[in-house]
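**Student:** Chains as they are written, first to last, in UniProt numbering: chain A, 1 to 96; chain B, 1 to 96.
If you're looking for bench data, these hints aren't it; they were derived computationally from the structure.
No false leads were mixed into what you were given.
Stretch-level coverage of chain B by chain A, calculated; a stretch enters the list once three of its residues show a Cβ under 8 Å from a Cβ in chain A:
hint : region
1    : 34-46
2    : 55-69
3    : 86-95
Quick partial rundown of chain A residues pointing at chain B, CB under 8 Å, derived from the structure:
hint : residue
4    : Asp31
5    : Leu33
6    : Ile46
7    : Tyr49
We put the beta carbon where it would ideally sit given N, CA and C, even for glycine.
Protein chains: 2
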Amino acid sequence: MAAFGLAGAQAGDARAGRQKLTTCQGCHGLDGLSKNPEAPNLAGQIENYLVRSLAAYKSGERKNESMNIVAKDLSDEDIADVAAYYASIQVDVLPP
Amino acid sequence: MAAFGLAGAQAGDARAGRQKLTTCQGCHGLDGLSKNPEAPNLAGQIENYLVRSLAAYKSGERKNESMNIVAKDLSDEDIADVAAYYASIQVDVLPP
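Please model the entire structure based on the sequences and the hints provided.
**Tutor:** Listed below in structure tokens is the structure:
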């Protein structure tokens, strides 16, 4: 899934991603639910969208003070793994 | 909720937002679940995050070919209402 639209992108490893959440979880949670009103929920998010977002934060194309700092240190593998982890969280939706 | 961090922002009306989803639903669904691999899920997303994202797409600060076109025509009220609608969708999360 992580390879959608990203030439050469590798498939992420959700279990490895789970071990790399030290920084992410403060705002996005281990459960993918936002812990502050500035941070989005990531639980069950589309994997490709997460990979593209992290890559855009890393390159600076997408601007956010916290995320530009955090993403700068992530390798392509880290990005794929963390995206795979959050995407793997199952979500049930109850429309209003 | 929509007012977090946005001076002067108005609270959105989820029921009004539901009536304004004609364009959104093709990619993000009425249920807030992505209908294509380029589009994120929006179900239960943090309202303030949705408002800021739409405002950034409208201003061009955040780049996405589809979203820059779509957001250009949204008023502040439209943005608040659509954000309130997607945020109002209840989501249950089952961590792996």
